[in-house]
Amino acid sequence: MTGAPVSESDLQAFVDGRLAPARAAEIEAWLAERPEEAARIAALRQDRDALRAAYAAIAAEPIPARLAAVLEPRTTPAWRRVAAAVLIFVAGGAAGLAGGYYGWPDEPERRDVVRAAIGAHQVFVPEVRHPVEVGAAEEAHLVQWLSKRVGHPLKAPDLTASGFRLVGGRLLAESGRPAALFMYENAAGLRITIHCVSEPRAGETAFLYRKVGDVSAFYWIDEKLAYAVIGTVERDKLYEVARAVYAALDKK
Amino acid sequence: MSGVRALVLEQVPALRRYARALTGDRDRADDLVQDTLARALSRLHLWRPAASIRPWLFTIMHNLFLNERRRSSRMVPLGADPAEPAADRADSRALLDDLDRALGQLPDEQRAAVLLVGVEEMSYEDAANVLAIPIGTLMSRLSRGREQLRRLLDGDGRPRIRRVK
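Protein chains in written order, with the numbering used here: chain A, 1 to 252; chain B, 1001 to 1165.
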């Protein structure tokens, strides 16, 4: 029996069951004389148990493949190898590719760009009356305007071979930087968007894939621009579109 | 997979749980875990094998989380699903949403203290080290965080005041 005064830290340690048995007994006796305080401590325990129970399910889930893959740097998911190979084929050379590709996971700043692009996609694609600021009828003006604002010559790629026609485009502010959004639509009314924003650290990466909810995105960096192709489409289908975009942009 | 990588892998479920509770967003949480793993691998040489790998990984995650918070003011938030009335959904899912919402109202440093100690069951010493604060500071953040959470919840994780539809 120490008889030391009961501090708030003692009470927290009591909640956590981390007191030596003798001290815990003292706290229990102390609480027995203070019903209000005892009720508060009981509530803190219940809240803690509720948190523990609610988040336990997440720890019980199987480890997502993309996380396990980080710990196995030598094995790359098959589709990424294919994507990288295709890009090498399309670009006609692999210089700089490997560095950019493996360097990616360490650069969360770049992922902000694709998050912002997916956010913009989700905001503007459902728009019925004003999906774009400048329509496809004024394509030349649209491209010239967005190129000027983004600071690099842009192109609205021709995706008719993939079944998509240009709806138009708009200027976005992404992380305080001007970004261009081009919107396309197919005969079924399905819309995809292409985002272009200047990339301070010029380079090249392979196609990277990301999915948020039911929205898929492929993104890559080519020279001084970062691109994202976004749509509520299966990965393979979107990959085809992304390849078409890449190919169209490459024809300077 | 080498021994150290296997040790790291063992911690992934706990890292995901902590990241999910910390950020309140599934997707952002796994990004945080991914960044944590990548950074940990690039710094494995800094880890002293005598020390437990768990607090070391959580420290890396905490620092990345703070960096992300600093950047996030410049970011378009990718909001979670628009809030539907929680009562309309499965009970466990509704409870999780309520807890996310309550945790989200705590300051970052209190939320981290409550989760590291209460959910991750980390020792006070380890939790203080992860957050780079003295134990006394940890205890006061823990106390204030739990107290605010108690005011937001009614003791079994349910919000004290149900939202009105």
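Everything labelled a hint here was simulated from the structure, so no lab data went into it.
We put the CB at the ideal spot given by N, CA and C, even for glycine.
You may find that some hints are simply not true.
Listed next, with one range per pair, are the computed distances between beta-carbon atoms [stated by the list, open to error]:
hint, chain 1, residue 1, chain 2, residue 2, range
1, A, L171, B, L1007, 30 to 40 Å
2, A, A22, B, G1104, 51 to 61 Å
3, B, V1004, A, A137, 36 to 46 Å
4, B, L1007, A, D49, 20 to 30 Å
5, A, A137, B, R1151, 52 to 62 Å
6, A, E61, B, L1007, 30 to 40 Å
7, A, A248, B, Q1105, 40 to 50 Å
8, A, E138, B, R1151, 35 to 45 Å
9, A, S7, B, A1094, 49 to 59 Å
10, A, E138, B, V1004, 36 to 46 Å
11, B, R1151, A, P62, 15 to 25 Å
12, B, A1094, A, E138, 46 to 56 Å
The following residues of chain B were derived to be distant from chain A, with all beta-carbon distances above 10 Å [said to hold, decoys possible]:
hint, residue
13, Q1034
14, A1051
15, L1131
Checked hints:
| no. | hint | result |
| --- | --- | --- |
| 1 | L171/A x L1007/B: 30 to 40 Å | 48 Å, violated |
| 2 | A22/A x G1104/B: 51 to 61 Å | 39 Å, violated |
| 3 | V1004/B x A137/A: 36 to 46 Å | 60 Å, violated |
| 4 | L1007/B x D49/A: 20 to 30 Å | 29 Å, holds |
| 5 | A137/A x R1151/B: 52 to 62 Å | 57 Å, holds |
| 6 | E61/A x L1007/B: 30 to 40 Å | 20 Å, violated |
| 7 | A248/A x Q1105/B: 40 to 50 Å | 48 Å, holds |
| 8 | E138/A x R1151/B: 35 to 45 Å | 56 Å, violated |
| 9 | S7/A x A1094/B: 49 to 59 Å | 37 Å, violated |
| 10 | E138/A x V1004/B: 36 to 46 Å | 58 Å, violated |
| 11 | R1151/B x P62/A: 15 to 25 Å | 36 Å, violated |
| 12 | A1094/B x E138/A: 46 to 56 Å | 48 Å, holds |
| 13 | Q1034 | 6 Å, violated |
| 14 | A1051 | 20 Å, holds |
| 15 | L1131 | 15 Å, holds |
In this structure, the earlier hints numbered 1, 2, 3, 6, 8, 9, 10, 11 and 13 are contradicted, and the remaining ones agree with it.
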